Each structure stands twice: as C-alpha cells, then as structure tokens.
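Residue numbers (our numbering), protein chains in the order written: chain Y, 1 to 569; chain X, 1 to 171.
Honestly, the hints are just simulated from the structure, not real lab data.
Possibly wrong hints are sitting among the right ones.
Residues on chain X that point at chain Y, a partial pick, calculated with CB under 10 Å [unchecked claim]:
1. SER33
2. ASP96
3. LYS110
4. TYR114
5. VAL130
6. PRO154
It should be emphasised that the depicted structure is a prediction, and the values quoted were computed from it without experimental measurement.
Where is the CB? At the ideal position from N, CA and C, for every residue including glycine.
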Amino acid sequence: MIKQTLLALACSISLLGIGQEENSGGTFTGNIESIFQYLNEDTLIGADQPASKGLLNSYMNVFYTNGNFKAGLRLESYLPRIQGYPSNFDGTGIGMRYVGYTNDFVDVTLGSFYEQFGSGLSLRAYEDRALGYDNMLDGMKIVLRPIKGVTVKGVYGYQRFAFQEGKIVHSSGIVRGIDGEVHLNQAFPSLKKSKLDIRLGGSFVSKFQLDNNSDLILPENVGAYGGRLNLRYGKFTLDGEYILKEQDPSQDNDYIYNYGHAAVFNAGYSKKGFGIILSAKSVDNMSYRSDRTKQLQNVLINYLPSMNKTHTYNLVTSLYPYATQPTGETAFQAEVLYTIKRGSKIGGKYGTSINVNYSTAYQPGRSTSSINPLDSTGVTYTTGLFAMSDSLYWSDFNINIYRKFSKRFNLTLAYYNMILNNDVATVAKTKGLIKSNIFVVEAGFKFKKKRSMRIELQTLLVNRRDSLDQETSFFAEGAKPVDKGDWATVLLEYTINSHWFVSAMDQINFGNYDKKAVHHPYLTVGYIQGSTRLTASYGRQRAGLFCVGGVCRPVPASNGLTLSFTQSF
Amino acid sequence: MKKIGLLLFVFTLVVGVNAQEKRHTLPKKKVASVNLMDIDGNEVNTGNFGFDGPVIISFWATWCSPCKRELNTIHDLYIDWQDDTGVTLVAVSIDDERTKNSVPMYVNGKGWEYLVLLDPNGDFKRAMGVNNVPHTFLLDTDGNIVYSHNNYAPGDEDELYEHLLELKAEE
C-alpha cells in the first residue's frame with residue numbers, strides 16, 4: 001500500500017517536473033514544403049504524362065540550437081520529382097546535415113554548409129529548392145571575428161552534385177577557400193565618425209581534381225582570387241569586385257588554357273523620392289566548377305549574377321528570360337526610381353512612383369591576331385576588361401508607373417521592350433533575335449472586411465519575319481511571327497478574408513502560325529493560417545516565376561492538378 | 001491511503017497539464033542568431049538587435065510585389081505603431097547579388113525608416129524556416145517569436161497590429 005502511494009507520488013513528481021521544466025532543452029525550428037502533382041498528357045502545349053501519373057516533392061529542415069551549440073538536417077524526398085525539376089534528384093533520405101559551435105569570436109561548422117565570398121564571383125554555395133539548385137559544400141567551415149568589423153572565413157569540402165537513391169552524391173573535385181573582409185570604420189575607432197565609409201575584402205579559392213584525361217595535361221589545382229572594395233560617402237555608393245581565374249580547361253570552354261576573369265562595378269545615389277544605380281560587368285571564360293566535365297547548373301563553385309532586372313509579370317518572366325553567360329559577356333545596367341511627391345498636382349494624394357530600367361549584354365571582344373594556332377600553349381584568343389564586340393546578346397528597356405488613387409484603388413502600368421539573342425541564350429526553337437514588346441495593366445481594389453481583388457492584363461507581341469526569314473515590319477504583308485507568336489494573360493485574384501483566396505488565370509497564345517488561339521486556363525484556391533499555407537491548382541501552366549496569393553515561386557510547365565503545402569515552425 | 005495516492009496523482013497530473021498548456025500558449029522560441037549586413041555596411045546580429053520594444057521581422061525582395069505592397073502599407077502606419085507600441089521593423093531583403101544593389105535605392109526612394117538587412121545567400125531565411133516571401137514574424141522584447149504569417153493580402157497589417165497590441169497589453 002505504502003509502496004503504491006510512493007510510486008504514485010514519484011510518478012506525480014516526475015510528471016510535475018516535466019510540466020514545470022524551463023525550456024533549457026534548446027530550440028527546434030524549421031520548415032516543410034510538399035508539392036504533389038497529378039499530370040495529364042496535353043499534346044497541344046506539349047505536356048507529357050509521366051509514367052507514374054503522380055509526382056511528389058517534399059523536404060523538411062530541422063534546426064536545433066542550444067546555447068552555443070547548433071545542429072541541423074534536411075530530409076528530402078522525390079517520389080519521383082515534380083516536372084521540370086533537375087534529373088539528379090531521386091529517392092528519400094538526408095540531403096544536408098551539420099553540427100557546429102558558435103560564439104562572438106568563432107563560428108565553426110562540420111558537415112553541410114552554404115557560404116558566399118563577396119559578391120559570389122569566386123565562391124557561392126547556395127540552394128534554391130524551387131529551382132532544384134543545391135551546390136552546398138560538405139566539409140568544414142570556420143568563421144572568425146577577432147575584432148568588430150573584421151571577418152575571416154575558411155571553407156574546405158566536397159560539393160553536392162546530386163541526390164541519388166536518397167543519398168548525397170559528391171562532385172569529384174574538392175573546393176578550398178579563404179576570405180577576409182574589413183569594415184574600416186568599425187575596426188578603427190578613429191574612423192568611426194568619418195563621412196567616408198570603406199569596406200575592403202579579398203578571397204582565394206582553389207579546386208583540386210585529378211587529371212583524368214589521356215590526351216591533355218590538365219592543371220589539377222586551379223585557383224581563383226581577387227579583391228573587392230565598397231565605398232559610401234553620404235548618399236553616394238561605389239563598389240566593385242575583380243576575380244582572376246587560373247588556367248582551367250573544361251567542357252564549358254572546349255579545353256582551352258586561357259585565364260578567366262570576372263568583374264562587377266556598381267555606382268549609386270539615392271535620397272528620399274529618388275534613386276539611381278549604374279552597373280557594369282565584364283566576364284570572360286569564368287565557368288568555374290569542381291568537376292571540369294560537368295555542365296548546366298551542376299557543381300558551379302562561383303556565381304555570376306545576370307545583369308538585368310528580375311521581373312514579376314508572367315509573360316515577362318516566363319517566355320524570353322536571359323540567363324548569364326559564364327563563358328563571357330560584357331553587360332551594363334541602369335535603373336532610376338523616382339517618386340512624384342504626395343499632394344502635388346501630378347503626384348496625387350499618395351504620390352506616384354516611376355521606375356525606369358535598361359540592361360544590355362554583348363559578347364566580349366576577342367582577338368586572335370597575336371595567337372599562333374600551332375603553338376602548344378592552348379591559349380586561343382586574347383581579351384581585356386570590358387572588351388566588347390558588336391554581337392548583341394540581350395537588351396531590355398522597361399518602365400513601370402505605380403499610383404495609389406485612394407485607400408481602395410491602385411493602378412500599375414508597365415511597358416517592356418526586350419531583345420534576346422536566341423542563338424546564344426537559347427530559350428526557343430528559332431534562329432536569331434527574338435524581339436518582344438510587352439504591355440501590362442494591373443489594378444488593385446480593396447473592399448470592406450479584408451476583401452480585396454487584383455486584376456492583371458498583359459500582352460506580349462513578337463517581331464515578324466517574311467518568307468525568306470528576313471526581319472520585316474509588324475504590319476507587313478505575309479509577315480510571320482517568330483517562335484510561338486503573340487500572347488495575352490488575364491489574371492483575377494480575389495482575397496475573401498485573411499485565410500482564403502481564389503484566383504483564375506488564362507494565358508492565351510494568339511497571332512501564331514495557325515492563327516488559332518490556344519488557352520491556358522489555371523484555377524487556384526488557397527488557404528493560409530499563420531505560417532501554414534495550402535493551395536490547390538488545376539489547369540495548364542507555363543514555366544516561369546509564378547505569383548499567386550501574395551507569394552512568388554518559379555514553377556515548370558504542366559497540365560493537371562497541383563497541391564502544395566508549406567509550414568514553418 | 002490508496003485513494004489519497006490516486007488523488008495526489010490526479011492532482012499533479014492536472015497541474016502538470018496546466019503547466020504544459022501555459023507553455024503552449026507562450027512558446028519560448030527565440031529568433032535565430034545570424035550575422036547580417038545592413039544597407040550601410042554595418043554588421044548586425046539577428047539574435048540581439050538591441051531594441052527596447054517589440055520587433056517585426058519582415059522577409060521581402062525587390063522582385064516580390066506583395067512584399068513591397070505590405071512594407072509600403074505599413075510605412076504609412078509606422079509612425080503611429082511606433083508611438084503606440086515602441087515597435088521596430090526589420091526588413092530582411094533576400095535579394096541575391098543580381099538585384100541586391102537596387103535594395104538601398106528602393107528603400108531610400110520610398111523613404112522607409114526600417115532597419116534594412118541584406119541576406120543575399122539566404123542564411124537567415126533558412127534559419128528562420130522561411131519557405132516563401134513575404135513572411136512576417138513578431139518578436140517580444142526578449143526576442144521570442146510570438147506570431148508569424150506567410151503571405152500578404154490587404155488588411156493583413158491590421159491583424160499584425162492586433163497581435164502587437166496584445167503583446168503590449170501583456171507587458
């Protein structure tokens with residue numbers, strides 16, 4: 001009897017203990033995302049039905065921190081992968097895991113990690129799960145902060161190349177790197193009050209891969225190194241980075257022995273109501289991978305940002321987008337943002353903002369005059385910083401005007417003129433330049449009880465060619481549109497309350513060779529509660545950055561049902 | 001004796017469950033600690049912003065229209081929110097190198113008075129379990145996450161403000 005009471009008491013105490021325990025067991029955080037597709041065959045838009053009919057992508061991140069200790073892992077599952085996802089994702093298993101220790105001075109990680117040196121021209125390990133991009137490093141990373149304003153980083157590891165049968169597959173080459181940065185105004189107290197703000201940095205990255213080629217003598221260790229500078233004086237900013245890459249014969253550059261370089265410069269000025277930024281980029285022979293035989297988006301060590309605006313309207317993003325050319329390009333960009341004052345005659349009650357952007361890219365200028373093709377150096381041309389040829393890769397002029405008329409109504413007008421060299425940055429089965437003009441009208445309405453509506457009308461018109469494939473005017477007799485011809489999009493999005501929304505979209509392909517309009521209707525219903533989000537969509541869909549219900553995500557082309565679930569915790 | 005024992009057991013169970021429930025309504029989940037740069041080049045640790053009042057963390061990007069809509073809407077209300085609750089908004093841009101340079105231009109052009117941090121490689125985004133932008137978190141004065149919302153539709157700012165007032169009332 002006494003024993004039983006004692007037992008009950010002991011039980012109770014231990015239960016109480018659990019109940020009252022302070023949360024000293026550390027913190028778990030993370031997120032999960034799951035996308036299911038059931039796809040139909042659709043010959044009209046060229047969509048196939050996968051053999052399994054159903055497709056499922058899922059991943060879940062779990063991060064644990066307790067004081068200075070940290071650990072984390074990601075479980076991934078592709079059963080099989082959704083359409084458009086890269087082919088090297090397959091199975092269920094652990095795709096990322098690490099342990100680490102961090103305090104104010106040191107931050108050390110063992111296992112998987114992501115990292116970026118400077119603007120990424122020498123090294124950037126990152127992920128974009130929506131795109132299916134993951135070039136994380138597996139190994140060791142250390143970050144030291146000896147004094148305020150000084151950061152030193154070291155990384156050493158194998159890159160993730162693929163995820164096969166639920167296991168990480170590494171690239172065959174190893175990546176090592178060191179990076180240092182000093183913010184002078186934080187590091188030196190005497191400069192704290194200086195109006196000129198200076199940050200200096202430098203990095204050295206090296207990869208090692210065995211020479212597995214019987215015909216060539218390949219460099220097994222390839223370095224990439226350079227420096228960067230960020231200056232700010234009041235409202236002016238100026239920054240730049242220059243990286244040089246050693247001889248790196250690869251599949252990308254047809255096994256030439258040229259050095260490569262990448263440089264990016266930005267100058268900006270901004271104050272309330274006005275901002276301007278000018279950018280320039282020079283890249284030559286700068287594809288840098290931990291496996292010289294790989295292509296596409298695989299095992300890239302560095303990141304070369306494409307110098308153009310990231311657009312959001314679907315006809316602008318999904319049809320003729322431009323991707324960066326790692327083998328070489330000389331590019332420029334200018335952007336101005338101006339807000340016409342509130343309360344002024346032209347600006348209206350809430351002001352009107354105008355955004356103008358222009359970007360262009362050319363093939364780098366290359367000279368072979370001093371090259372003897374018979375010598376054994378393997379150097380096939382000479383070039384210089386910002387050397388330019390007259391071969392156009394890309395040009396994009398766009399203007400965007402936004403005005404809020406009242407609490408209940410706002411309007412956006414946008415125009416885009418784009419030229420894409422499809423022989424270089426191939427996106428369609430057509431030759432030469434694709435020129436497009438795009439017009440967009442977007443209207444937002446707010447009603448009572450948190451109800452709101454958004455309407456988008458977009459149209460894209462492409463250039464015409466005559467029967468001899470010569471460019472001709474838009475209205476000329478016998479003129480045929482390039483690629484698939486002209487497009488229009490109608491989108492209606494209705495927010496019922498803070499939980500529910502519905503949207504209906506149709507993308508119409510008209511002005512094509514057959515003169516037959518092809519519709520792409522797409523319906524979405526979504527439910528949001530806190531950090532849980534559920535959506536169900538049905539219809540035809542084009543590839544591109546897709547924005548519905550307040551969230552943007554890149555998605556591939558399909559016809560069928562898509563269910564998606566995201567949760568943060 | 002047996003009865004007393006049983007009674008004791010049930011009693012402590014109830015207390016224990018109550019304690020659990022209390023913990024459930026007040027989850028002690030701290031904001032992740034990551035070192036980021038603000039748009040003036042100063043390093044900021046997200047685990048310790050050093051503000052007196054509550055903090056709103058809003059993940060956004062220059063290419064995300066709903067994000068900009070949310071932050072521009074709050075911008076009009078921000079002075080009143082600050083006066084009433086002492087809140088500070090931290091706008092974390094997930095723009096990468098491609099569009100990072102237009103962040104200061106956009107922020108200054110719009111006259112935002114937020115603390116704007118740059119997360120070009122997604123370190124803070126990953127640590128906070130953010131799937132998509134916009135994603136907004138509300139932190140109490142001790143840095144505990146008390147509310148989060150993924151999405152923006154007009155009117156959501158009112159709900160955020162209600163949670164902010166609730167937080168203020170508790171303190």
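Quiz item: Hints broken by the structure, by number, lowest first?
Solution: 4
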